[in-house]
Amino acid sequence: MTIQTSRRTLLKGTAAAGAALFIGIRADGSFAAASSVAHMNPFVSISDDGVVHVILKHFEMGQGTTTGLATLVAEELDADWNRVAVHFAPADNDRYKNLFFGAQGTGGSTAMANSFMQYRQAAAAARAVLVQAAAEMWNIPAEQITVSGSVIKAGTERADFGELAAKAAALTPPENPKVKDPSDFHLIGLDHLPRKDSNLKVAGLATFAMDVKVPGMVYVVLLRSPRFGGKLTSFDVSGANGVPGFVGAKALPTGNAIAVYAQNTWAAIQAREAITAVWDFKDAENRSTDELLAYHRSLLDAPQFEAVEGADRAATEAAVAAADTVVETELTFPFLAHAPMEPLNCVIEPTATGIRVHDGCQFPGAVKPTLAHVLELDPANVEIRTVFAGGSFGRRATTNADYQVEAAMAFALLGGKTPVKLVWTREDDIKGGYYRPMFAHRAKVGLKDGRIVAWDHRIAGKPIIKGTPFEAMVMPPGSQVDATSVEGVNDSHYDIPAMSVGLSDAESQVPVLWWRSVGHTHTAFAMETLLDQVAEALGKDPVDFRLELLPGQDKDQQRLAGVLKLAAEKAGWGKPAAGRHQGIAVHKSFNTYVAEVVEVSVTDGAVKVERVVCAVDCGIAVNPDVIRAQMEGGIGYGLGHVMRNQITMTEGEVDQFNFPDYEPLRITDMPAVEVHIVASTEAPTGVGEPGVPPVGPALANAVYAATGKRVSRLPMTESGITFA
Amino acid sequence: MKLNINGKQVSVEAAPGTPLLWVLRDNLNLQGTKFGCGVASCGACTVHVDGQPVRSCSTAVEDLEGSEITTIEGIEGPAAQAVQAAWRELDVVQCGYCQSGQIMSAVNLLATVTKPSDEDIDAAMAGNACRCATYHRIRAAIHRASDIMEA
Numbered sequence: 001m002t003i004q005t006s007r008r009t010l011l012k013g014t015a016a017a018g019a020a021l022f023i024g025i026r027a028d029g030s031f032a033a034a035s036s037v038a039h040m041n042p043f044v045s046i047s048d049d050g051v052v053h054v055i056l057k058h059f060e061m062g063q064g065t066t067t068g069l070a071t072l073v074a075e076e077l078d079a080d081w082n083r084v085a086v087h088f089a090p091a092d093n094d095r096y097k098n099l100f101f102g103a104q105g106t107g108g109s110t111a112m113a114n115s116f117m118q119y120r121q122a123a124a125a126a127r128a129v130l131v132q133a134a135a136e137m138w139n140i141p142a143e144q145i146t147v148s149g150s151v152i153k154a155g156t157e158r159a160d161f162g163e164l165a166a167k168a169a170a171l172t173p174p175e176n177p178k179v180k181d182p183s184d185f186h187l188i189g190l191d192h193l194p195r196k197d198s199n200l201k202v203a204g205l206a207t208f209a210m211d212v213k214v215p216g217m218v219y220v221v222l223l224r225s226p227r228f229g230g231k232l233t234s235f236d237v238s239g240a241n242g243v244p245g246f247v248g249a250k251a252l253p254t255g256n257a258i259a260v261y262a263q264n265t266w267a268a269i270q271a272r273e274a275i276t277a278v279w280d281f282k283d284a285e286n287r288s289t290d291e292l293l294a295y296h297r298s299l300l301d302a303p304q305f306e307a308v309e310g311a312d313r314a315a316t317e318a319a320v321a322a323a324d325t326v327v328e329t330e331l332t333f334p335f336l337a338h339a340p341m342e343p344l345n346c347v348i349e350p351t352a353t354g355i356r357v358h359d360g361c362q363f364p365g366a367v368k369p370t371l372a373h374v375l376e377l378d379p380a381n382v383e384i385r386t387v388f389a390g391g392s393f394g395r396r397a398t399t400n401a402d403y404q405v406e407a408a409m410a411f412a413l414l415g416g417k418t419p420v421k422l423v424w425t426r427e428d429d430i431k432g433g434y435y436r437p438m439f440a441h442r443a444k445v446g447l448k449d450g451r452i453v454a455w456d457h458r459i460a461g462k463p464i465i466k467g468t469p470f471e472a473m474v475m476p477p478g479s480q481v482d483a484t485s486v487e488g489v490n491d492s493h494y495d496i497p498a499m500s501v502g503l504s505d506a507e508s509q510v511p512v513l514w515w516r517s518v519g520h521t522h523t524a525f526a527m528e529t530l531l532d533q534v535a536e537a538l539g540k541d542p543v544d545f546r547l548e549l550l551p552g553q554d555k556d557q558q559r560l561a562g563v564l565k566l567a568a569e570k571a572g573w574g575k576p577a578a579g580r581h582q583g584i585a586v587h588k589s590f591n592t593y594v595a596e597v598v599e600v601s602v603t604d605g606a607v608k609v610e611r612v613v614c615a616v617d618c619g620i621a622v623n624p625d626v627i628r629a630q631m632e633g634g635i636g637y638g639l640g641h642v643m644r645n646q647i648t649m650t651e652g653e654v655d656q657f658n659f660p661d662y663e664p665l666r667i668t669d670m671p672a673v674e675v676h677i678v679a680s681t682e683a684p685t686g687v688g689e690p691g692v693p694p695v696g697p698a699l700a701n702a703v704y705a706a707t708g709k710r711v712s713r714l715p716m717t718e719s720g721i722t723f724a
Numbered sequence: 001m002k003l004n005i006n007g008k009q010v011s012v013e014a015a016p017g018t019p020l021l022w023v024l025r026d027n028l029n030l031q032g033t034k035f036g037c038g039v040a041s042c043g044a045c046t047v048h049v050d051g052q053p054v055r056s057c058s059t060a061v062e063d064l065e066g067s068e069i070t071t072i073e074g075i076e077g078p079a080a081q082a083v084q085a086a087w088r089e090l091d092v093v094q095c096g097y098c099q100s101g102q103i104m105s106a107v108n109l110l111a112t113v114t115k116p117s118d119e120d121i122d123a124a125m126a127g128n129a130c131r132c133a134t135y136h137r138i139r140a141a142i143h144r145a146s147d148i149m150e151a
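Chains as they are written, first to last, in the working numbering: chain U, 1 to 724; chain A, 1 to 151.
No lab work stands behind these hints, which were simulated from the structure alone. Watch out, some of these pointers could steer you wrong.
Unchecked claim - For lysine to any residue, the following SDA-like pairs were computed, each having C-alpha atoms within a straight-line distance of at most 25 angstroms:
id, chain 1, residue 1, chain 2, residue 2
1, U, 213, A, 9
2, U, 213, A, 52
3, A, 8, U, 194
Unchecked claim - Going by beta-carbon spacing under 10 angstroms, a handful of chain A positions derived as facing chain U:
id, residue
4, 18
5, 30
6, 75
7, 77
8, 85
9, 114
10, 115
11, 126
Unchecked claim - Residues of chain A clear of chain U, computed beta-carbon distances all greater than 12 angstroms:
id, residue
12, 4
13, 7
14, 9
15, 11
16, 49
17, 50
18, 66
19, 68
20, 78
21, 111
22, 113
23, 149
24, 151
Every residue, glycine too, gets a C-beta built ideally from N, C-alpha and C.
Start from the sequences, fold in the hints, and give me the full structure.
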């Protein structure tokens with residue numbers, strides 16, 4: 001994808017960024033209250049106290065983008081890291097769009113990748129005018145000026161950024177601001193630059209949407225249909241009338257939920273429990289998990305669409321049939337909830353011309369127009385104040401702004417004058433859909449003369465993007481294949497001849513959504529466990545065999561082989577300690593290459609994950625410590641779900657209710673993790689998601705090495721694996 | 001009713017049975033204590049009651065009259081300082097939503113066991129979920145805090 005930046009738009013000095021933004025975080029973690037601000041451009045401001053203000057077009061859900069974008073700016077400005085403050089940008093698709101999406105939003109591990117040049121150029125432009133201001137003030141050529149630690153120097157002359165900010169803001173930035181040569185980086189690549197959000201979060205002072213209060217605010221929880229697609233027939237609030245603080249209840253116009261209003265959160269939750277509702281399930285999803293699994297498997301019998309361009313399914317099937325040996329797998333993957341620690345919520349308050357939304361907003365580019373449409377407002381009058389998000393893993397990135405629309409409907413039903421805070425409880429979250437879709441895979445690999453001759457792969461699941469406004473992002477005109485259903489298989493970089501990937505779209509009423517690493521959550525598992533089976537059938541070592549399939553014909557193969565070898569070397573592949581068993585997997589996702597070796601032990605039949613060694617190649621490592629953190633977190637997130645998590649349904653009703661039966665990974669489950677970062681001069685790529693895909697198959701491969709048990713149904717507990 | 005929170009007597013009006021969590025958050029604006037699950041399963045709402053870690057989402061407020069309640073906003077002392085310093089030094093946080101609760105549990109551990117083993121840490125912290133899976137660093141930071149306290 002080409003990054004197209006209109007430099008004119010980028011560097012156009014604009015006062016519209018607004019002093020209102022400066023309710024933010026100072027470099028030391030306290031709240032900023034700058035007295036005056038020199039607006040260099042939409043991404044960088046410098047106040048008269050010399051603090052550099054970085055305006056973040058991306059939100060922060062823990063992935064470290066706040067620190068990452070600030071690093072780019074501090075690097076190019078040669079700013080003192082301790083005097084760099086960060087602020088979330090307002091919703092503005094023109095200035096703050098994700099250059100890969102064309103709209104403002106965070107996802108797909110794109111924040112650093114799409115911002116890398118943009119923020120550096122913005123900071124380089126700010127630096128250029130600061131230097132020019134100093135040159136004019138001291139009446140010397142700009143070439144004699146150096147910048148370091150937010151101080152501008154020439155000979156005995158010195159000036160702080162703050163002294164020059166106002167003068168610099170009046171100057172015209174250069175048309176082509178010169179960014180640094182990577183050999184001059186001193187912050188980018190620094191092993192550990194302190195996170196910008198640590199201080200507030202450690203003190204319990206970071207503001208999440210859940211913490212936002214506005215005067216006169218009413219709290220709302222929704223009583224939703226217990227089955228997806230159910231419609232409200234009638235409801236009775238009389239039981240709630242005795243709940244202190246209960247305000248009232250109104251059916252949403254969508255007919256799938258009742259808004260329960262109260263003066264505090266607890267009262268809203270209590271009142272909801274006291275309300276009874278009758279639902280019509282005629283058109284609802286009424287199937288149970290076993291039926292849904294059987295349905296998905298049946299879809300594999302006759303693929304609807306071919307996902308590999310130019311593939312010949314009939315020829316592939318014939319080649320498999322003619323092979324000496326056929327290695328087969330059939331796998332099913334459950335629905336998964338994201339379950340971010342902060343349950344979904346947002347606050348909507350009226351303004352003179354529209355509304356203000358306080359939200360850990362992941363897709364302002366979708367939320368703003370959607371809320372404007374629902375409330376019949378001019379989008380210009382929908383203001384979004386983005387605050388910290390307590391995790392997301394994809395859940396806050398809905399294409400239909402699901403929970404913000406619920407809040408907007410609740411706001412409108414109350415008359416549109418009273419601020420409302422919509423709160424999801426954990427039960428709402430676990431039962432509320434927008435899951436990683438259920439998927440089924442079936443693959444047959446034909447082997448002849450010690451090598452693969454054909455690969456017949458079939459995938460079935462409900463598409464995530466097809467049919468949504470985001471469809472064009474992943475589906476070229478005329479294509480029927482939702483890339484998020486097949487990514488990681490149909491675009492495999494292994495040297496595999498005669499591969500056909502047949503896709504069938506599953507239909508259900510269960511809302512589905514991208515979940516940290518999207519299609520790779522299941523495709524990497526299928527590919528990397530099957531490759532181990534093939535290696536075993538050919539009597540080859542899993543690492544040697546993969547390297548044979550990655551002969552280095554292009555950069556993808558070289559980089560995959562690179563992380564594979566590095567992880568194997570660092571983990572002591574093939575030489576586990578006594579009582580330990582290893583498994584390995586490698587996968588490219590979001591243009592980042594990750595290999596992981598999982599080491600397990602088994603005691604009385606129970607598997608314990610002891611250690612994970614990870615090698616990652618994400619291009620230039622902007623913040624190595626953030627990259628390590630994302631790999632550690634991705635490994636933990638992937639492990640917990642592959643081990644034991646699933647959303648199941650009985651006659652359409654979700655069986656799980658909360659963490660006790662959707663048990664999160666605990667500290668007692670967490671292995672030792674080592675992360676090794678490949679040195680690279682390639683452009684930086686994402687790290688939020690790519691740590692997830694390899695860990696599941698690496699674990700399954702280690703479990704096979706330890707127990708001889710293969711996994712056919714996820715989570716692994718459903719395949720008879722028990723964990724210590 | 002009257003509660004002793006962070007060393008201060010405060011008067012609150014809350015219906016009987018209201019969990020301490022919601023009194024802290026909705027009535028008293030002490031919002032560092034977080035709502036994560038409401039069923040004492042995630043630990044995001046952990047506070048100290050008479051020096052012991054307690055899940056405030058499942059503790060009725062009327063049972064706490066006469067007790068000393070400490071929230072993330074009110075923690076002090078060597079263990080608290082060491083834990084928060086170690087958390088910053090190792091950049092433990094990611095989304096940060098669970099970290100108040102993590103820190104409250106860690107402070108309590110270090111106030112009672114000055115040199116905890118990995119097993120001690122796992123036992124003390126098992127009730128605090130972190131969906132970002134910062135556990136690897138939580139372990140390291142508790143060891144680091146222990147060293148800071150010793151120094």
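Hint by hint, here is what the structure shows:
1. U:213 - A:9: Answer holds: residue 213 of chain U to residue 9 of chain A is near 24 angstroms, not above 25 angstroms.
2. U:213 - A:52: Not OK: residue 213 of chain U and residue 52 of chain A at ~30 angstroms, beyond 25 angstroms, violated.
3. A:8 - U:194: 34 angstroms, violated
4. 18: Since the shortest Cβ distance to chain U is 5 angstroms, the answer is holds.
5. 30: 9 angstroms, holds
6. 75: 9 angstroms, holds
7. 77: 15 angstroms, violated
8. 85: 9 angstroms, holds
9. 114: 20 angstroms, violated
10. 115: Not OK, violated: residue 115 of chain A not within 10 angstroms of chain U, min 18 angstroms.
11. 126: Hint holds; residue 126 of chain A Cβ to chain U Cβ min 5 angstroms, cut 10 angstroms.
12. 4: 19 angstroms, holds
13. 7: 16 angstroms, holds
14. 9: 22 angstroms, holds
15. 11: 16 angstroms, holds
16. 49: 17 angstroms, holds
17. 50: 20 angstroms, holds
18. 66: 22 angstroms, holds
19. 68: Residue 68 of chain A is indeed farther than 12 angstroms from all Cβ atoms of chain U, at 18 angstroms.
20. 78: 16 angstroms, holds
21. 111: It holds; residue 111 of chain A is separated from chain U by about 18 angstroms at its closest Cβ, greater than 12 angstroms.
22. 113: 15 angstroms, holds
23. 149: 17 angstroms, holds
24. 151: 19 angstroms, holds
In this structure, the hints that do not hold are numbers 2, 3, 7, 9, 10, in rising order.
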